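Q: Here are the chains, one letter per residue:
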Amino acid sequence: MIAPVLEFDAVSKAFGGFRAVADMSVSLGKGEILAIIGPNGAGKSTLLNLGSGALAPTSGDVRHDGNSIAGQAAHRLVHRGIARSFQITSIFPGMDVAENVRIALMARRGYCRQFLWPAHRLLNDEIEALLAQVRMAEARNRLAGELAAGDRKRLEFAIALAGSPSVILLDEPTAGMSADERALVVEVLKELNERLGLSILFTEHDIDMVFALAQRIVVMHQGELIAEGTPQQVRADPRVREVYLGKGHRAEM
Amino acid sequence: MTIDILIQLLSGVSRGMILFVVASGLTLIFGVLRIPNFCHGSLYMLSAFATYSITTVFGGSNLGFLASLIVAPLVVMAFGAAIEFFLLRRISNREHLYQLIVTFAITLIVADGIKLIWGGSYRSVSYPPMLEGSLSVLGRPFPQYYVLVIAAGIVIAALLALIIERTRFGRVLSAAVIDPEMVGALGVNVPRLYTTVFALGAWLAGFGGALAAPIGSISLGIDNSIIIESFAVVIIGGSGSIVGAFAAALIIGIVQALGIMVAPRLAIGFIFIALCAVLLLRPQGLLGRRV
Amino acid sequence: MQITAKSLAGFAIVVFILVVSPYLTDESNLFVLMDVLIAILFATSYNLVLGGAGLLSFGHAAYFGLGAYTVALLQAHLGLPMLVGIALSPIVAGVFALLVALLTVRLSGMYFAMLTLAFAQLIYTVIAEWYSFTGGDNGIPITVPDYFFVTAHYFYLTLGIVVGGVLLLWLIGNSPFGAALHAIRENPQRASFVGLNVKLYQVAAFTISGALSGVAGALSGSLHQMAFPSMLYWTESAQPVLMALAGGIHAFFGPAVGAAIFTVLNFFVASYAGYPLLVFGVVVLVLVMALPEGVVGTFRRWLIRRRDAGSRAAPASRDARP
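For the protein sequence lines, the chains are A, B and C, in the order given. Just so we're aligned: 238 in the working numbering is position 238 of the first sequence, and the numbers increase by one with no gaps anywhere. So the working numbering is basically just the index in the second sequence, starting at one, shifted up by 253. So the working numbering is basically just the index in the third sequence, starting at one, shifted up by 544.
These aren't lab readings, by the way, just hints derived from the structure by calculation. The structure presented is a predicted model; accordingly, all values stated were derived computationally and were not measured. Even for Gly, the Cβ is constructed at its ideal location relative to N, Cα and C. There could be a bad hint or two in this list.
As the list claims (entries may be wrong) - Cβ-to-Cβ under 8 Å is the rule here; a few derived chain B residues that face chain C:
{"#": "1", "residue": "349"}
{"#": "2", "residue": "350"}
{"#": "3", "residue": "354"}
{"#": "4", "residue": "488"}
{"#": "5", "residue": "532"}
{"#": "6", "residue": "534"}
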C-alpha cells in the first residue's frame, strides 16, 4: 500500500435534501493515477469540489498528507499543493498565454502582495518551461480567449502546474476534444506523472481515455462508491456493467 | 402623549404607504431586469408635477384630483416604457453597469426638464374638496386625505398580490425574479416582459407621485430623497418581493415618523443603520430569495 | 497597462505642459485646471476598483468628502495646518474604506453597488446632521496658509500630489498586485484556484482607492476653502463612475481623460447654459450608448484597426485587444 496523499474519509455532501456524495471513502496514493467514473450525476464533480476546497463536506473528513483540509478555502489548498482543472475550462481569457501562467506562478509564490514592481517581465524562464511541458511554447503570446478548446485545456494544465502541486484534480480533462488532442493529453499527463511524481485524480466519460491512463479506477453511482480496483477488476465487475458500462459501452468491454 | 404617538404612528403608516407604492415598482424592476433604476425617483417627481398641472387646469376640483390620479401615472408609464424600449433594450447585451448609468443620466435630464417646463419654484397641490376635512381619532384631528392614502396603498398591495398569484403574467414575473434565463428558455418573450415590467414599475412610481402630491410641497429634489428611501425598501424587503416591500415600507414610514419625535435630525440615519444591518445579516433581504 | 516608452513620453509631455501652464494662462483657467487635476486623481483612484478589481462601487463620494473633512476638522478642532490635514486624509478615508470594504465584498454585482451606496449615505447622514462636530449643512471652512494663497503655489502643490498619486496607481496597476486584480476581474473562480485570496485583494484595492480618493477630496476642499456635506451625497458618487466610463475603464488613462472632459464640460455648461444637468445628462447618454469602451478605448481600437488594415497579415498579438 502506497502512502496516501489525498484521502476522502467517509465524506458526504448534501444540497438541501439531496445527497450528492454519500459516505465516500477513497484515497489517492502518492504518484498514483486514479480515475473516478460513473454516470452523469453520480457525484464525481462534487467529490473533486470537496477535494479542492470549492465545497465543504456536510460530514466526514478530507485529508492531504495526513492533515485535515475539509472546509478550507480553495486558495489555501493551492498553497498546500492541490491544483485542479474544471469541466468547463477555466482560464483568464483576456490575458495572453504567458500572462495566464505568470499570474499563477506569482500567486503561488506570494509575489502578488508586491505593489510597486512591474510584473510583466517576471518569471519568463519558468513560464517557458511550463508551457513546454504542455506543448504550448509556440502559443506564448496568443490571447487565451482565442485558443482552440484543446489548447485552452492544456493552458489550464499549465496554470494548475504553475502551483507546483503534489496532487492535481482534473474534471473531464479531455471533454470535447478530438482523438489526436486526447492522445496528446494522455501523453502529457503520463509524462508529468512519471517525471514529477505528480498524483492525478481525474473524472472522465471517455472510457478509452480512462483505460489508457488510469492505474486504478473508482466507480461512483448516485453518490456512492460501488466498485474499486485495477482497470481489469473494474471491467469484470458485474455491478459496474449493470449501472454504468452496460449503457452503450457493452460493445467496448 | 400616547395619543400623540398614535397619531404619529398613523401618519407614519400613510407615509409608508406612499413609499410602498413607489418602491413596489422599483423592486419589480430590480427583481426582473436586475437594474437599480435610479430614474425611479424622477418618474415619481414627474408625476407629482404633472398632478400639479392637471389639478390646476381643473381648478382644484374633485374631478381634477381624480383626473390627475388617472392621467399622471399613465403619462409616466408611457415615459417609462419609452426609456426601456428606446434605451435600455438597446444595451441589454452589455454589462448592467451601462443600464444603471443610463437611468442615472435620465435623472439629470428629467431634473432639468422639469425645471424647463415648470420652473424651479416650489409648487403645492391642495387636498381635493371631498377630502379636505379631518377625522377625529380619540379626539385628535387626523386628515381624511391620509386615510385615502392608506386605503390606496392597501388596494395596490392587494392588486399586485392578485396579479402575481392569479395571472400568467404574475407567474412569469415570479419566475423571472428567481431566474431570468429560465424564463427565456420557457418561451416567454423576454424583451416584451422587460418593457411591461418597466412600464408597470413606472406606473407605480407615477401613482405614488400623484398620491403624494397634495402632501407636502412639490419641488426639485424630491426625486433624490424618495429614490434613496425606495432603495432602502427594496434592500430591506428583498429584491422582487411585494410582501417584503410592503413590510419594509411600513417599517421605514413608522420609524421615520416616530424618529422625528425622538431625534428629528437622525430619523433618516435610523433607516440606514437598519438597512446596513439587514444587508449584512440577510443580504437577500427580509423576504427575498438568496442571491 | 504596460509602461511603454511611448506612453511614458506622452505622460512626460503632459506633465511638462502642466508645469509651465502658470506662465501661459491666467488665474481663472488655473482654477479650472486644478479642478481637472483633482478629478483626474479621483477618477483614476476610483477605477482601481471598477476597472481594476471589477467591482462597481457607488459610494466613492464618501471617501472623497471624508478627505476634505479630515483637513477641515483637524483645523477646526485641533488647529492643525492644511498640509497636515492633506497628509492625513488618505489614512482617514482609507480606514473608512477598509471598514466598508470588509463588510461589503461578500456581495457582488448590483448588490455590492447598493451596499456601498447605503454605507456612503450613512456617512453622509452623520456628517450632515452632526452639527456640533461637523457644522452640519453649513459645512466647515478651511483656512489656507498665506503661501498657498498664491494660486500658482497651490497649483504646484496640487500638480505634485496628483502626478504622484497617478504614478502610484500606475505602478500598482502594473505590479503583481495589479495583475492579481486583473485575474480576479477576469475569472474569480480561477483566481482563487491559482492561490489568490479574492476577497482580500478586493478589500485591498477598495482601501487604496478610497484612500487616494480622500487625497483628491482633501485637495478639493482646500482649493474651495470649504468642506461641505453635499460632497458626500450619493449623486456625487456617480461622478467618478461617469468619468471612468466616459474615458474607458480598461485603459489606464481612460478615467483621467473622462475626468478632464467632464470637468471642463461641467465648467462651460454651468457658465453658459441655463440647464447644465440636461446637457450633462444627454452627453452621458450619448457616450454610454455610442462609445461603450469610452473615449480612450474607442480611440485605441480605431488605432489598432488602422494599423491592422495597413499590415493585413499581422498575427493576433497581445496588443490586439481593448
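Q: Hint by hint, note whether the structure agrees.
A: For each hint, the structure was consulted:
1. With its C-beta approaching chain C no nearer than about 6 Å, residue 349/B sits inside the 8 Å limit, and its interface hint holds.
2. Of the supplied interface hints, the one on residue 350/B holds, with its beta-carbon coming within about 6 Å of a beta-carbon of chain C, less than 8 Å.
3. Checking residue 354/B against chain C by beta carbon gives a least distance of about 5 Å; that is within 8 Å, so the hint holds.
4. A distance limit of 8 Å between C-beta atoms decides the matter here; for residue 488/B the minimum to chain C is near 6 Å, and the interface restraint holds.
5. Here the hint on residue 532/B is kept, as its CB sits about 5 Å from the closest CB of chain C, short of 8 Å.
6. The interface hint given for residue 534/B is violated, since its Cβ lies 11 Å from the closest Cβ of chain C, which is over the 8 Å cut-off.
Checked against the numbered hints above, the structure breaks only hint 6 and satisfies the rest.
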